[in-house]
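A.B. asks: Read off the chains here:
2 protein chains.
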Amino acid sequence: MRSAINIGMIGLGTVGCGALSILQENGDAIARKVGCELRVTRIADIDLDRERPVQFDRSILTNDAYQIINDPDVDIVVELIGGVSPAGRFIMDALKNGKHIVTANKELLAREGHSLLVEAGERKQDFSFEASVGGGIPIIRPLKIDLAGNRIEEVIGIVNGTTNYILTSMSQEGEDFGEALAEAQKLGYAEPDPTNDVEGHDAAYKIAILASIAFTSRVNVADVYHEGITSLTQRDTSYAEELGYCVKLLAIAKDRPNGMEIRVHPAFLPKSHPLASVNGVHNGIFVRGNAVGDVMFYGQGAGPMAAGSAVVGDIVDIARNIVCGATGRIACTCLDEKPVLPLGETITKYYVRMRTTDMPGVLAGVAGVFGENDVSLATVLQKTRGRGKNGQAEIVWITHEVKEENFRRALAKIESLPVVAQINACIRVEE
Amino acid sequence: MRSAINIGMIGLGTVGCGALSILQENGDAIARKVGCELRVTRIADIDLDRERPVQFDRSILTNDAYQIINDPDVDIVVELIGGVSPAGRFIMDALKNGKHIVTANKELLAREGHSLLVEAGERKQDFSFEASVGGGIPIIRPLKIDLAGNRIEEVIGIVNGTTNYILTSMSQEGEDFGEALAEAQKLGYAEPDPTNDVEGHDAAYKIAILASIAFTSRVNVADVYHEGITSLTQRDTSYAEELGYCVKLLAIAKDRPNGMEIRVHPAFLPKSHPLASVNGVHNGIFVRGNAVGDVMFYGQGAGPMAAGSAVVGDIVDIARNIVCGATGRIACTCLDEKPVLPLGETITKYYVRMRTTDMPGVLAGVAGVFGENDVSLATVLQKTRGRGKNGQAEIVWITHEVKEENFRRALAKIESLPVVAQINACIRVEE
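Protein chains in written order, with numbering that gives the first Met the number 0: chain A, 0 to 430; chain B, 0 to 430.
Think of the hints as simulated: they come from the structure by calculation, not from any bench.
Worth double-checking, as some hints may not be accurate.
Covered stretches of chain B, as calculated for chain A (at least 3 residues, CB under 8 Å) [to be verified]:
hint	region
1	36-44
2	135-141
3	243-249
4	299-305
5	326-334
6	343-356
The structure displayed is predicted, hence computed values, not measured ones.
Just so it is clear, CB atoms sit at the ideal spot from N, CA and C, and this is done for glycine as well.
All chains should be modelled from the sequences, with the hints used to inform the complete structure.
C.D. replies: Below is the structure:
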C-alpha cells in the first residue's frame with residue numbers, strides 16, 4: 000500500500016491556486032476517501048515572486064516545468080497554464096515519462112487532444128480534463144460513465160459565463176451589448192480583450208470536447224462553426240422577450256444520421272427550456288439521451304474554487320486508480336469517425352428582423368419568397384414605426400425548421416427585393 | 000481478455016424492462032466502450048407469463064432468484080424487485096457468492112444499506128445504486144468522484160416526481176390537493192395508494208442515501224423527519240405565489256457543525272432558486288460544496304428508460320472494473336459517524352397563516368409573542384376578509400431564521416391567545 004501520491008503542478012495561476020487551496024483545506028477528508036495522502040511536491044510557474052492567495056512551501060516552486068516532468072517521484076502532473084504551446088509538449092513529455100495527467104486546457108484538447116489521449120491510452124495512463132468544460136460542474140465523467148448506456152442525441156450548453164452575463168444584463172436591464180460588456184469588464188467577468196469569449200472561440204473549444212465524448216467521435220475545433228454575440232442588439236433581445244424567448248450563446252451538438260451538427264451562436268431559446276433559467280455567469284449543460292431523456296447540469300462555470308473542484312475531482316479519481324492498479328481504466332472514448340456536417344446542412348428555425356418599405360403588399364411579397372424556397376413560417380410580427388418620417392416598417396419573422404442552405408437562399412432573394420431596405424438581424428431559434 | 004460479462008437480473012418489472020431494452024438497443028456501442036460484450040444470461044421474476052414491452056429469449060426466465068444467485072457464470076446481479084425483503088437476502092447471498100451488485104432499491108439502501116456495502120467493500124466487490132435516487136440523473140457517482148474534493152455543505156432535492164407533479168398543478172392550475180392527486184392518478188403519475196409518495200416516505204429514503212454519501216456518514220431513514228403534502232391548501236400555494244415563492248416537497252440535508260440536519264417536508268422556495276424551475280414530474284438535486292459552490296442536477300426522476308439508463312450506467316462502470324481487475328475500487332464512503340440532529344435543532348424560516356379576531360391590537364399582540372420568544376419577523380401580510388360576517392382577519396407571517404424549538408414554543412403561546420382563532424398553516428421557508 001502506498002503512503003502517498005505525489006502531484007506536480009504546472010501553472011499556479013487562478014485555477015492552480017484554487018486547486019492547491021482545496022487540497023490543503025480538504026486534504027484530510029480526501030486522503031481518507033482515496034486511502035492515501037495526496038501531496039503537492041512540486042509547482043512550476045514562470046512567475047516565482049507574485050503574491051498568491053494561498054500559503055505553501057515556496058521551496059517547492061520552480062520556473063522549470065521539466066523539474067516536474069522529469070521528477071521520478073511525481074505520479075500526477077496537473078497542467079494549468081493553458082494554451083496549445085508549450086502545454087502540449089509538457090503533457091506529451093510527461094506522458095512519456097509515465098505521468099498521469101490532469102488538465103483544464105480546453106484549447107489544447109479541442110485542437111490536439113486526440114494524439115495526447117491516444118498516447119495516454121496506449122500507456123494505460125490516466126488523462127482527465129473535467130475542468131476544461133463547465134468549471135466545477137460534473138459533465139465529462141457523467142457522459143463517460145453514468146450516461147454510457149445511452150446514445151446521446153444532443154448536447155446544448157451555455158458554457159461561457161462571460162457572454163451569459165452580458166446577455167442576461169442585456170435582457171434583464173435592457174442594456175446594449177457595449178454597456179453590458181463594459182460592466183462585465185468592470186466586475187472582472189470579462190477580460191480587457193474579450194475576443195475569446197464574445198466571439199465564441201471559448202465555447203467552440205468546449206462544445207468540440209463535449210461532442211467528442213457524447214458522440215464517441217473526435218471533433219476538431221477547426222470544424223466547429225462559431226459566431227459571437229457582438230452584433231446582438233437590445234432591440235432583438237426585447238423582441239425575444241415579447242415572443243416568449245430568451246437569447247443565449249448556445250454551444251450546440253447534434254448527432255444526425257449523416258453526421259454531427261456542431262455550432263456556436265446566439266440563439267432564441269424558449270423560456271420553458273431548462274437552460275433558459277441559467278443566468279448571469281452560470282453555466283448549464285443540457286443533454287438528451289435515447290434512454291435517459293433530458294438531463295441538465297448546472298453551476299458555476301468558472302472561478303478558482305469551482306474549476307479547482309473539478310481538478311481535484313480528477314486527481315482523486317486518478318489516485319484511486321493508482322491505489323488499485325487500474326490506471327488507464329477508461330481510455331479515449333472516440334471509437335467512431337463521424338463527419339462534422341457543413342453549416343448548410345444545419346436544420347434549425349430562424350428569427351429574422353428586417354426593415355421594409357411601408358406599403359401594401361410588402362409582407363405578402365416577402366412571405367411569398369420564403370414560401371417559394373420551402374421556408375415555412377411560424378410567426379410574423381409587423382410593427383410600423385415612423386410612418387411618414389421615413390415610410391418604413393419593421394417585420395419580424397420566425398420560421399419553422401428549415402435546412403440552413405435553403406434559408407440562406409431565400410434570404411438572399413429577399414434581401415435583393417427593392418421593398419426590403421435592410422435585413423437587420425438573423426438569429427437561429429433553438430426549441 | 001474476457002469475451003463477455005454475464006448479467007443476471009432479478010425482477011423484470013418496469014425498470015427491469017427498461018434496462019433490458021437499453022442493453023439490447025445500445026448493446027453494440029456499450030460493448031465497444033467496455034471492451035467486451037455484456038450479456039443478460041438469466042432473469043428471475045415471480046411472474047413468468049406477463050406480456051412485457053421487450054423481446055427476449057424466454058428460456059432464460061426463471062421464477063427462482065437463486066438460479067441467478069448460485070449461477071457461477073453470472074458476474075453482476077441486478078436487483079430490481081424493490082422492498083427490504085427478500086431483496087436484502089438476495090443481495091447478501093449474491094455478494095457472498097462473489098457477485099457484483101446493481102440495485103435501484105432505495106428503501107433497502109436507506110434501511111439496511113450499510114451492512115450490504117460493508118460486505119461488498121470487504122470482498123472488493125462492486126455495489127452500485129445510481130438508479131435509487133433521481134431516476135436517470137447522475138448524482139451518486141458525481142458526489143463520490145467529481146465532487147470528492149469538496150466538503151459538501153448541503154443537498155436539497157426535489158426527488159419525488161409524483162408530489163412535484165401535484166404541487167406544480169396546484170400552483171399553476173390553482174387546483175386543490177385532492178383534485179391534483181386525482182389527476183396525477185389518472186395520468187399514472189401517482190399510485191392508487193399514494194401514501195409512499197405523498198407522505199414523504201419515498202423522499203426520505205432518497206435523502207438518507209444522498210446525505211450518507213454527501214456527508215460521508217451513514218444516515219438511517221428511521222432518523223429522518225418527514226412530513227407529506229396532504230395538508231397543503233391552494234390558499235397557501237397562492238400566498239406563496241404572491242410573496243415570490245413556489246411550494247415544493249424538499250428533501251433537505253445540511254452538514255451543521257454539531258451534526259446532520261435531515262428532513263423532508265413541503266417548503267416555500269424563492270422563485271429565483273435553481274430548484275424553483277423544476278416542475279411537473281421532473282427531479283432536481285441541488286448541491287452546495289465548499290469548493291464548487293452551487294451545482295444542480297436535473298432530469299426525469301422516474302420512468303423505465305430513465306431509471307434503466309442509470310442501471311446500465313452502473314453495469315458499464317462495474318464491467319470496466321471487471322475488465323481491468325479493479326472491482327471494489329470505490330468502497331462505501333461512510334467514513335464518519337455524525338449524529339442526525341433532533342428536529343428541534345433545525346434552523347429555518349417559517350411561513351405561518353392564522354385567523355384572528357379582527358380588532359385593534361391583535362397584530363401587535365401576536366408579533367409581541369414572537370418577539371418575546373426570539374422569533375424575528377421578515378414579512379407580515381394582513382388581509383381582512385368577511386369583516387362584519389364573522390369578524391375575523393387572516394394574518395400571514397414569514398420569520399427570519401429561527402431554531403425550530405424556539406419557533407414551536409412561540410407558536411404554542413400564540414395558539415393559546417384568546418384572539419387567535421386558528422393557526423391554519425405553518426410551512427418552512429428554504430432560502
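A.B. asks: So which of the earlier hints does this model not fit?
C.D. replies: Failing hints, ascending: 1, 3 and 6.
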